[in-house]
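Visitor: Starting from the structure of chain A, add chain B where the hints point.
2 protein chains.
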Amino acid sequence: MVQPATQEPWLEIQSLLAVGDAAAVEEFVERLASSELSLAISRLSEDERSQLLTILPSKMAADVVEQIPNVQAAELFERLDAVQAAAIIDELPSSEQADLLGDLDDEDANAILRHMDPEEAADARRLYHYEDDVAGGLMVTEFLQIAQDSSVEQVVQELRANADEYSDYDIQYGYVVDQVQRLTGVLRMRDLLLARGQTKIANLMITHPLSVPDHAPLEELIEFFDSHGFLGVPIVDPQGALVGVVQRSAVDEAAADKQDLDYLKSQGIVGGEEIRSLPTWLRAKRRLSWLSVNILLNVMAASVIAVFQDTLSAVIALAVFLPIISDMSGCSGSQAVAVSLRELSLGLVRTNELLRVWLKELAVGLINGVALGLLISLVAMLWKGNPYLGLVVGTALALNTVVAVSIGGLIPLILKRFRIDPAIAAGPILTTITDMCGFFFVLGLATLMLDRLV
Amino acid sequence: MVQPATQEPWLEIQSLLAVGDAAAVEEFVERLASSELSLAISRLSEDERSQLLTILPSKMAADVVEQIPNVQAAELFERLDAVQAAAIIDELPSSEQADLLGDLDDEDANAILRHMDPEEAADARRLYHYEDDVAGGLMVTEFLQIAQDSSVEQVVQELRANADEYSDYDIQYGYVVDQVQRLTGVLRMRDLLLARGQTKIANLMITHPLSVPDHAPLEELIEFFDSHGFLGVPIVDPQGALVGVVQRSAVDEAAADKQDLDYLKSQGIVGGEEIRSLPTWLRAKRRLSWLSVNILLNVMAASVIAVFQDTLSAVIALAVFLPIISDMSGCSGSQAVAVSLRELSLGLVRTNELLRVWLKELAVGLINGVALGLLISLVAMLWKGNPYLGLVVGTALALNTVVAVSIGGLIPLILKRFRIDPAIAAGPILTTITDMCGFFFVLGLATLMLDRLV
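As they're listed, the protein sequences go chains A and B.
Residue 113 in the numbering used here sits at position 113 of the first sequence, with consecutive numbering throughout.
Residue 118 in the numbering used here sits at position 118 of the second sequence, with consecutive numbering throughout.
Just so you know, the hints here were simulated from the structure itself, not pulled from any lab data.
Do not rely on the hints blindly, as some may be mistaken.
As the list claims (entries may be wrong) - Straight-line alpha carbon distances no greater than 20 Å define the calculated DMTMM-like cross-link-like pairs of lysine to aspartate or glutamate that follow:
| no. | chain 1 | residue 1 | chain 2 | residue 2 |
| --- | --- | --- | --- | --- |
| 1 | A | 258 | B | 226 |
| 2 | A | 285 | A | 75 |
| 3 | A | 258 | B | 260 |
| 4 | A | 258 | B | 253 |
| 5 | B | 258 | A | 260 |
| 6 | B | 258 | A | 257 |
| 7 | A | 258 | A | 220 |
| 8 | A | 258 | B | 310 |
| 9 | B | 258 | A | 226 |
| 10 | B | 258 | A | 253 |
| 11 | A | 384 | B | 310 |
Said to hold, decoys possible - Covered, in the sense of this in silico footprint (three residues per stretch, anywhere, with C-beta under 8 Å from a C-beta of chain B), are these stretches of chain A:
| no. | region |
| --- | --- |
| 12 | 346-353 |
| 13 | 365-378 |
Claimed, not checked - Some chain B residues near chain A, calculated using beta-carbon distances under 8 Å:
| no. | residue |
| --- | --- |
| 14 | 156 |
| 15 | 227 |
| 16 | 263 |
| 17 | 267 |
| 18 | 298 |
Note that CB positions come from ideal geometry on N, CA and C, so glycine has one too.
Chain A on its own, in the form it takes in the complex (with noise of 0.2 Å):
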């Protein structure tokens, strides 16, 4: 009655790519929940990558790529031929086209470009040139565009004829435009579906509509839908021309994509998103670039050490708490830090309010740092029975927190005044300063009162 394990997924569809079964292969995955198949495709060498995506029908291995994280399709389409690439990308949202091919190097991209269907590959076109986080790079051009002349049995008319290519949209609103594309209305469907079928579009629809240049950037498109319940806005050109619609859904994605990326520079993973199935060399080389700068910012910080020397050498015991000195200021700056990058994304804060959020964060580098100091006074007393020590080290990191917390504070606001991304460098600059203090207040306060230490 022993129930045969189940066999992990990558492996049964290795098996059946081994036997080149394609309608297996095809039955299974449609099968997986889209978290099994990411695991799936990460585990599966390049060769079977390819060969997945080849044995699928193109519009099954779009719905696929569709549901892998982005990082992750690019990963895949750089090994795959230009025609079946073509053939897959074809079948994506004009957005994702744009995406997909904005990841992979400019030869890849227009080999891939020249054999796409004419149609689909001139929105791409039109679409690539877009940068990824502006209206125009997170528009779909798949909308329901109605002339304003026309009626509303016409319409209705016109929506069952070609019912099929419809429902590929998301259709909540028609987008209405006169004889030169220019915006002139939005018509919800549910307006239609109330209203008499002699009605003319041109009465029936919301004049003025609200709408995005092509070029805003990612924040203006934030704050539309957050102060309006739409799922979706227009989005036109510098001639009013209706170029494309940006969906609710597409703006929180890209959202949550900077989002990510943000915390993944934050830690120190700067050269874009890394996932585990890229190559070692290339994992190694990105993470090298950002330790390379630390180091020397380390040895920078650390040689404020080497000017104290023979203070240290007098007291030893100091050499134990420089490390505490600097990892704790860390830490408190990280919190400011962290408090300063969520008011600036939450609009609570603008980067010229420096004194506002010094004095906020003096307060709080006050009474933290007494009670650190208090703590570290007290370890250091108990240990080398020295209240002297004790008020060193106490006095330092005391000091110190409330120059993290200043430090931490403020550099995010610096930072993106000068439009320096805060996400990669305040951590190293915030660490820098700080160690140098920290060190310099430790070891500055002993050398002053060396005869009561040793």
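Guide: The following block gives chain B in isolation, referenced to the frame of chain A:
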């Protein structure tokens, strides 16, 4: 021709509140973008905030509450009296009612519930008992419910008759139930548009509709919307009765909130989201709870240094390298933690795949360990002219880089397996272990080679 500088929005609100001009406040607030509104509210005093919500009509106060971050909204309601709070909460969508009430303490929440519209309160009470991040806590109870034995015509008439009520809903689907409220189908509004009036809903609806149980966790909902293109999913109780609908946007938002909190937790903001308009003592206390754990861990790690005091006195130059090794191992380890957390959230790794992760990290750790080790040994040799000092610190850093990426890669998996929140715990565990190992490697190796170093 000098334009007067535009007044800051909160100053404007303050002066309008001071003269009690309700209409002007309303008009002014309506024109503000959501980010300006958040900023303005955070700059008002507590009294002014309650006054603002009181002076606005409830419907508009609810709009304000919907536009600002959750943590700010809860802060706002804490001072409001229950009658006014209830009037505002009555106007919110059901899932936000429950969220907001859940953020207040039980006493306040119950006082407000007593003053709410009985029907709204009943809904809110029902939702309030669900955890925030399960299907029941994310669902709305405002949706279009259709009896399966009605006809297209009847539904359209019902829609027309109650157009006002339904205009508040996001209607793309109707959810079809039988006589005992069991979900039997879903109906696309588009199909309603395209069908003949006599058609029975039971014949038009999509049967065997997908649904999610009311206690399903957020992860299951994320997975659901990843695998299916729907904008909403019906939620059923254990008896199969339709109890609500979870919108895709609610899941996206909850996922983003969770990510934000995870980031904050990883940076030591562990007591709940912090904004700088919260009271100083509360902010200091919450931050200190984290710092005090860290300082104890730091003292523990640094005690390794104390054990090797004699070696350190003999080769004082080593004291310069201790903080460098500690910081650099922290950096290498954080990269590995970030990649593991990311792979976990993308479903690209399972919590039991320790060996796979370790081998992948080992490869990167060896490469980067050698690179960083060479770099630091070069610095040591150039500084002191002693190749053995370079050998000691270089070897120590190389070894500790391998330790750091191993611990960093594995710890999130292990913590998640034991259901401990990796966002909070991974950082402190990582730095404690890598500090201890790093100090031990440097000072242990130095002790072995002491005669070459002095």
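Visitor: Each of the hints needs a verdict: does it hold here or not?
Guide: Here is how each hint holds up against the structure:
1. Taken as a hint, the residue 258 of chain A and residue 226 of chain B pair is honoured in the structure, with Cα atoms around 18 Å apart against an allowance of 20 Å.
2. Proposed proximity of residue 285 of chain A and residue 75 of chain A is supported: the alpha carbons are some 17 Å apart, at most 20 Å.
3. Under the criterion of a C-alpha separation no larger than 20 Å, the hint pairing residue 258 of chain A with residue 260 of chain B is consistent with the structure, at around 12 Å.
4. Distance restraint check for residue 258 of chain A and residue 253 of chain B: the Cα-Cα separation of roughly 14 Å lies within the 20 Å cut-off, and the hinted pair is therefore satisfied.
5. A distance of roughly 12 Å separates the Cα atoms of residue 258 of chain B and residue 260 of chain A; the hinted pair therefore holds under the 20 Å criterion.
6. Using a Cα cut-off of 20 Å, the hinted pair residue 258 of chain B and residue 257 of chain A holds, with the two alpha carbons roughly 14 Å apart.
7. Under the criterion of a C-alpha separation no larger than 20 Å, the hint pairing residue 258 of chain A with residue 220 of chain A is consistent with the structure, at around 14 Å.
8. Restraint check for residue 258 of chain A and residue 310 of chain B: not satisfied, since their Cα atoms lie roughly 50 Å apart, outside the 20 Å limit.
9. Note on residue 258 of chain B and residue 226 of chain A: the hinted pairing holds, with a Cα-Cα distance of about 18 Å set against a maximum of 20 Å.
10. Using a Cα cut-off of 20 Å, the hinted pair residue 258 of chain B and residue 253 of chain A holds, with the two alpha carbons roughly 14 Å apart.
11. Restraint check for residue 384 of chain A and residue 310 of chain B: the C-alpha separation of about 15 Å stays at or below 20 Å, so the hint holds.
12. Counting residues of the region 346-353 of chain A whose C-beta lies closer than 8 Å to any C-beta of chain B gives 5; at least three are required, and the coverage claim holds.
13. Look at the region 365-378 of chain A against chain B: 6 of its residues bring a Cβ nearer than 8 Å to a Cβ of that chain, three or more, so the hint holds.
14. For residue 156 of chain B, the shortest C-beta to C-beta distance to chain A is roughly 7 Å, which falls under 8 Å, so the interface hint holds.
15. With a least beta-carbon distance of about 5 Å to chain A, the hint placing residue 227 of chain B at the interface is held under the 8 Å criterion.
16. For residue 263 of chain B, the suggested interface contact is upheld, since its CB lies about 5 Å from the closest CB of chain A, less than 8 Å.
17. Because the beta carbon of residue 267 of chain B sits about 4 Å from the nearest beta carbon in chain A, less than 8 Å, this interface hint is met.
18. The criterion of a C-beta within 8 Å of any C-beta in chain A is met by residue 298 of chain B, whose closest approach is roughly 5 Å, and the hint holds.
The structure shown violates just one earlier hint, number 8.
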